[in-house]
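Chemist: So the protein sequences, as listed, match chains W and Z.
Everything in the first sequence is counted per the working numbering, starting at 9 for the first residue and increasing by one.
Everything in the second sequence is counted per the working numbering, starting at 16 for the first residue and increasing by one.
Because the hints were derived from the structure by calculation, they are not lab data.
Hints should not be assumed to be uniformly reliable.
Straight-line Cα separation of at most 30 Å, DSSO-like style, residue types lysine-lysine; simulated pairs [what the hints assert, rightly or not]: (1) W/Lys78 to Z/Lys271; (2) W/Lys17 to W/Lys176; (3) W/Lys35 to Z/Lys271; (4) Z/Lys353 to W/Lys107.
Here is what each chain is made of, one letter per residue.
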Amino acid sequence: MKVRIKFAKSGAMRFIGHLDIMRYFQKAIRRADIDVAYSEGFSPHQIMSFASPLGVGLTSNGEYLDIEVKTHAGAEDMKQRLNKVMVGGMEILNVTMLKEDAKNAMASVAAAEYTVRFRQGYEPGFDWPDRLMEFYHSPSIIVAKKTKKSEMTLDLKPFIYRLSLLGKGGTAPAVRMLVNASSSGNVKPGLVMEAFLRANGEELSPFALEIIREDTYADVGKEGEPHFVPLDAIGMEF
Amino acid sequence: MSELALRDEILLQVEKPARYIGNEVNAVIKDKSQVDIRVAMCFPDVYEIGMSHLGIQILYDMFNRFDDVWCERVYSPWVDLDKKMREEKNIPLFVLESQEPVRDMDFLAITIQYEMCYTNILQVLDLSRIPLRAKDRSWEHPIVIGGGPCVYNPEPIAAFFDIFYIGEGETRYRELLNLYKEYRKQEKSREEFLRAAAKIPGMYVPRFYKVEYNEDGTIQSMLPTEEGIPERIVKEVEMDVSHTYYPEKPVVPFIKVTQDRVVLEIQRGCIRGCRFCQAGQIYRPVRERDLDMLKRYALAMLRNTGHEEISLSSLSSSDYSRLPELIDFLIEKCGEKKINISLPSLRIDAFSLDVMGKVQDIKKSSLTFAPEAGSQRLRNVINKGLTEESILQGAALAFQGGWTRVKLYFMLGLPTETEEDIKGIAELANKIAAVFFETVPKDKRTNGKVQIVASTSFFIPKPFTPFQWAPMCTKEEFLEKAYATRSAIKQQLNQKSIKYNWHEADISVLEGVFARGDRKIADVIELAYKKGCIFDAWSEFFKGDVWMEAFEELGIDMAFYTTRKRELDEIFPWDFLDCGVNKEFLKREWKKALEETVSPNCRAGCQGCGANRFGGGVCFENTGKGYGNGNEGKD
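With the hints as constraints, model all of the structure from the sequences given.
Modeler: The following block contains the structure:
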């Protein structure tokens, strides 16, 4: 049976990279004594698929991995067993069941939502909350994209599905954005912010941003009419 | 969760920030207001090496079982972070669990596993803002205590330590901690505490000993400076290895480390008595752990870590008397959970090949032989019981079983070595290749041709071995020997199947100085460190020319420590320690080596080394009483 696990990653765990998170879950699944399915062959490994690698330094409230289990005692039991063996900063949010023909987590990813803040001392020199929406509503957002051979320009605008300002007038205003996170058009939130600062004549320093991934989404809409739902909305209770 | 000691900017700029954040599975967090003593346990090398060390896991577990103690870990910051910490000047080195400064701990316990980490010890002290020299410390600084195999000659680093713990850590720490609590409560001085500590068995407090030298630079005497301080310090040994501390929940790192598996120590010590091997002497007597204990811990550790591999650890696993039962048990339990079993240090024979065939992918694994010397004559000198016949038989069996890769380990520069012995290395490798072509017909060579990798290290005489009297080779001699080995291999019929690697010679020479060095070496280590030497065990960071400069500036002759011939009655810097085997036994073994005579192993015939005084282990196997009275083996 295919199972989708949603988890949050916070605190010091933001410094653990994607490959190490995979190793962490392989060990956690053994500690939790989940009856996981293994691949065939001389060195069998757990059948496991992660939705979208999270960059080092980012925290998240919506990460996903799919595993295959042979037997189980229900979603709640599995969630509890896993949470019992988590370290601080890792939390299992829910466990759902997937249909046998469901696309795996990685193939399902279409978009991701982020909250972006400036770290203290790294705020731009201009009144950025006032300028944000003007930037977003401009007809195109052209950025330079370096490839191995040449430098190309790219319009980010079609890849940003939603963008808004949070906490306007407060002490720590933030940007919330829903952007493309598919394998063909993944947009890093830092790239959007870099374009925003550049449009206002400033450069983004490499450590300026504190980024939280809020959730990861699949597109269940029709051609040309996207409809984004969190990846766990595809799964069913069990 | 505690705040991190390092800012995000720093953590995002250094390689593998996971080295510095703690928070690993099974890391122990305590409420600091509820403990009396805080211990920083240090392995002075990079995290991935330090986290792979079993001894620290055992002691970490032991200390944290004490309710009044919180033990945390610290490793050497890698060169990138080291540089930043020196530039910024306001980040003191910290322990991983609480992320608090090492300097605020009560004890800094450093395990010293190899000589080439000595500058890293200074790095850890320096970055922690602890004075390098013990004499400059006050109650503002932790008590710096060293342990591990290198403390069997602690003299080159004696100036940097308050205490050395000689022997196995399971036995005396509780006593030392109790003393510490009592003396702190009574507001006694640091000096008074150290004086009292020096009277606990196994504790060596260097400041209470004075060394007098002869005109030729050798030692005339080493004596306590005060009444009541013991003249000799006997190593500590845990005799009941089946009912003592062992971790059920070892810490599980996030990043891949060298030893990324459950480690089950099946026994301590080795019955073989190879004459170059220090571990074979200092861990005597051989003590096996109880089979039921091992089964119980294997299951508990696998369950608590989630590791996908378990490895048996010992100096010579084939000599563990219950090995077949243990392996059967592991194969049964691990098979269900797809857990790999790794079996290092097994003698290659029908039994081990059968077992390895069950637990490993033959196509991917290789066979390892450690003949250590190329000829039977020299193998007799070093008392390595492996014969050419048994190697070739083992290889033939393995080739029939499908193995095609063979690793061979040798040493160059052993006492009495001749050109013939070096040629023997090439010839043995060639014969193994020939065995492959004889035993495996062409149409059966499905796994490719045979690949033989011969590696040589350079022999370094170590304290408390029969070879402690042996002169070591110079760097030039070492390199000549390596080139001779290479050209001998090139002349073999099957040379295309043989690959040859050798160690770096200048690191070996320096290791030789530290291994048999005295207190005068401390100045060299400190000077080299101040000139930028660090991570000397890593060839990419080893600065041979800077070390040479340091020796020259201080007028210290390396040859005095390495190539010099030592007389049988010379007092060695480590002679005030008693490692369990007596000097007369080592002398007998040294003489027998020069006569090319082998000694039987502990089970085949007691040689009267003196370790039977500990009252257990292999010395009392079967008989129920010791049969070593110190006279056996005298001829």
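Chemist: When the hints from earlier in the document are held up against this structure, which numbers fail?
Modeler: Of the numbered hints, all hold.
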